[in-house]
Amino acid sequence: MKLIKLSIVIYLIFVLGTFRLASGNNKNKSEENNISQILIKMQQANSLIKYQGIMTTILINSPFSEVCRYKIENYGNILRKEELLTNGIEKEIDYDDGKNLWRFFPNKNSLIKETTKINHPLNSKSKEILYLVKKNYNIKMLGKYEANKRICYKVAFIPKTNDRPQQIYWIDSETGIPFKIEKYGSDNDLVSLSFFSAIDFQVTANKENLDLQVPPQTEFIEVKEKFNLTLTEAKNQMGKEISFPIYIPLGFNLNNIILRSLGSEKTIQFFYTDGLSSFSIFQKPLNQINATFNTPYGKMMVKEKTAVLSSSGTMNIISIHSNQMTTTVMGDIFKDAILKVSDSLTSIQQEQEPSIPLHSINSSPPN
Amino acid sequence: MNCIEYQELISGYLDDGLSKKELKVLLFHLEGCQCCKKNLTDLILQKEKLLSLQAIPSGPIPDLNFAQRIIEKITQEDHDPTTKKYSFNLSQFINWLFFPIKNPFYAVVFSFLILIGVLTGVFLENFHTHHEPKKLLSVYELQVKKPLQGAAQLASLEDEKKAIVFHHVASSSIETLANEPCLLKYTAYTASTDHQ
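For the record, the sequence lines run as chains A and B. Sequential numbering of the first sequence, starting at 138, is according to this note's numbering. Sequential numbering of the second sequence, starting at 109, is according to this note's numbering.
Worth flagging that the hints you see were computed from the coordinates, not collected in a lab. Remember, predicted model here, so these are calculated numbers, not experimental data. Some hints here could point you the wrong way.
Claimed, not checked - Rough simulated footprint, nothing fancy, chain B against chain A, three-plus residues with beta-carbon under 8 Å: (1) 174-184; (2) 347-356; (3) 390-396; (4) 407-416.
What the hints assert, rightly or not - Which chain B residues stay away from chain A? Per the calculated CB distances, all over 10 Å, these: (5) S127; (6) L134; (7) G140; (8) E156; (9) V216; (10) Y248; (11) K269.
To be verified - Distance condition first, Cα-Cα at most 30 Å in a straight line; then the derived DSS-like pairs of lysine-lysine: (12) A/K208 - B/K270; (13) B/K243 - A/K218; (14) A/K291 - A/K218; (15) B/K243 - A/K228; (16) A/K166 - A/K245; (17) B/K243 - A/K477; (18) A/K277 - A/K291; (19) A/K361 - B/K243; (20) B/K270 - A/K218; (21) A/K472 - B/K270; (22) B/K132 - A/K208; (23) B/K155 - A/K245; (24) A/K250 - B/K270; (25) B/K145 - A/K236; (26) A/K344 - B/K243; (27) B/K243 - A/K250; (28) A/K250 - A/K218; (29) A/K236 - B/K270; (30) A/K208 - A/K272; (31) A/K403 - A/K262; (32) B/K270 - A/K403; (33) A/K228 - B/K128; (34) A/K363 - B/K243; (35) B/K270 - A/K361; (36) A/K208 - A/K286; (37) A/K208 - A/K236; (38) A/K245 - B/K132; (39) A/K262 - B/K270; (40) A/K264 - A/K236.
Positions of the beta carbon are idealized from the N, C-alpha and C atoms, including for glycine.
Here chain B stands alone, though its shape is the one from the complex (with noise of 0.2 Å):
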């Protein structure tokens, strides 16, 4: 086989469409030839900037000049040899990473799921606030932790008038024949004059 009839193989390998026997025969050719190896190499390297133009934005159709000014740059950097032959690709980065928003299916898909998950957290947040259980204390055991506060305190509680307004009905609950409800007449009083 000569170095043409080796071009099909190539172009075979860079389709993926050799199968073992026929990448193991291109494979122990190129390791001799280095003409063909180069060939090979030009290749490879257009391709990936073939796919790397795929990531221009869509626009208006270019005009010729500006394809023919794209292959010249190609050109150029095949032949610049500070240009890494495997170098990170922000293009290709941003096309794979933005790719499905570009189909409307996967858009509406995302957008669901990204919908979904902020649902989740905002019900998730409000079952814990809501749902945890809360510390409760027995007013028996409040009574070791606390100690007798100030006076003071009393008057931020209740005012005084609500105060023996309670204890006047208290009283009442008990020394009159009726037993009606300590709370009875003193919330009610006090509803009664928040009013005013």
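Chain A with its partners taken away, still in its complex shape (with noise of 0.2 Å):
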């Protein structure tokens, strides 16, 4: 009798301890299609919500601090402004019509003509970066809260190496609008603030919206652009050897080679992401603009060769200058990981094949 109780007891608990598992997995089965849906939302929002509003951002460095703020005007995958909230020499309105960008500085009387930068859902690759960003990060969700008077997800995406910021976002459940962005620095500080006010989605686009007025005797130059060239297609158009990182942070795909020019100057860009962080390799010979960069935060040596580190916020940026080209890394991930992407640029010659990796984990989004 009593092995029949004892054993009634233990089957009890088993199939209590099975559904238990069962419900708690479909808990976080929902939880993550729930954080999915809002995280397809975000990156769709710009693409398809009419809004306007200012941006406020505050880049927390020593010894300085920087607040910028930017008047944007959205009009879904249509029409986009941005400007730069000031009356100094770095003014700036952006007006992207959704074929060109438009780069006015109204202060410098010049205007730069570019190809749209405004996201198409169709031709993007928002499937992949979706991808990317749940393989790298630890994505929580933290709650809901309030901001400019909505209801917002608090979302955190903890990054699974320790090489890139970890990053905090309260997005718009309505829109998909980030409203705050938080970014922290190798320390664990914050270092990055960006947020919205005076938001409104009661917009519409008028006649003014859709132009640009410049003063007749603006300056007018323009960037041819290319996207997506293979690396044989980026060796023949740059006619010089470039070099590529035999180093890529864990996580980081190649996601774009562009080639920029301006008369018969031009300009490579690898571009990399893991999804959420960033970071590109500019490469340009050497005979062309020379720059000089005023803000040294250290000058070091790499492969012997004269390099110049700077940072801002959770931006880190080396300038390396060889005798034909003048080769750039940047972007949001620490000091480190930047150094060693540099530290592995490897030249290509003309008739060498790649035999390099194009991203660090041999990874494709599921269909």
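Each of the two chains sits in its own frame; use the hints to bring them together as a complex.
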């Protein structure tokens, strides 16, 4: 009898345990689904939502902290205007009409025409980006909070490696727009804070919005851009030997190779992302515009070449001058990682086929 | 009526106090009487000289000799055949021109009017400068007018570092999850580095 009773108790414990485990799994799964939906919403927000507002960015740097304010007008994937709210020489108004990005510098009397930077959901690599984020970050839902008098999800992106910033987003539950973003440095100190204010969703595009008016005497320059080049195309376009990194921080993928031309001057950009953080490698022949880097945080030698390192917020930038090329590595990865990337740069000969990693983890998004 | 009786009419003429009838009588007499005509001419001239004396700026009271010298001077000029009867009188003109200034009330009024005039001028100039509609062109029109310029101009627009920071952030804004503004890190970064 005792044995029967014991058997029943063990059976009940087993059933309850299984049920609890199953419900726990379901709970985790539903939370994961919930997070996925929020992230997809955030990813598509700028392409689908019309809004305008003021974005304030605070960069907490030692010894200087910087505050910048921007007026942002977003009309889905049709039109976007960004304006730096200052009267200084750096004043810039960016007007993107979905075909071209017009960068107007009123106090420099100049205008640059580039290719659009508006994200078209159908053409973008949104699925791949979402996959990368999930792979490289532990994503935690920290609850619901109020911002701009609306309910926001507070979501933390904790990197699985310690070479890139942790980020916390306050995402509007209704539209998916990130109302507030915090980024943390290598010591887990807050180094960058961006937040929206005076946000208004009742906006309509009128004739004034659908144009950018400039004084007739404005100097005008057009920069041609080619996206998604292959490595062979990049080599052929540059005509000189270009370098490629042997080391790439874990989880970063080569997402785009972009060629920019201004007349005969060419610059190549390798863009890497882990879905949330990113870094770029820019290369251009040295006999073109010689930049003087006026903000050396420190000089060092990278492969017996002079290099200059500087940083601001979560962004680090290192510039290396060789006999033929100027190479700049920059992005939201910590100093050690960016130094390691720049130290691993190896030149590719014209006839040499690339035997270098395009991404550090051989992965592709699930279909 | 004899010439002595006409003296009253002459005095009245000088004071503009004659009626039309008396003026007609006097003028009829003067046509035939050279003596009265000369007398009237002398009196008119003397009156003119006396009026011109009023234009002399005020100062110490002149002595009697000075007054006597003036009377003599008037008498001499009256007999000078070269003296013009209706010559331009500078003193009188100056007197007319600056008369209001002698009166403190008019001086204040004129100063006030000049001040108002100057202020109105300044305001209108500023208004035109700041409110004159600036002629602006659409970027699409500008595209036709100004073709591609040389590479050197890009250097003057923004240095290489700012350009590559912008392009990194722009790429990041498209190809990461956050969809942050293109300008965001770029301007914050450049603002920060400009302090160094």
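Structure versus earlier hints - violations, ascending order: Violated hints (numbers, rising): 10, 11, 16, 17, 22, 23, 25, 30, 33, 34, 38; every other hint is consistent with the structure.
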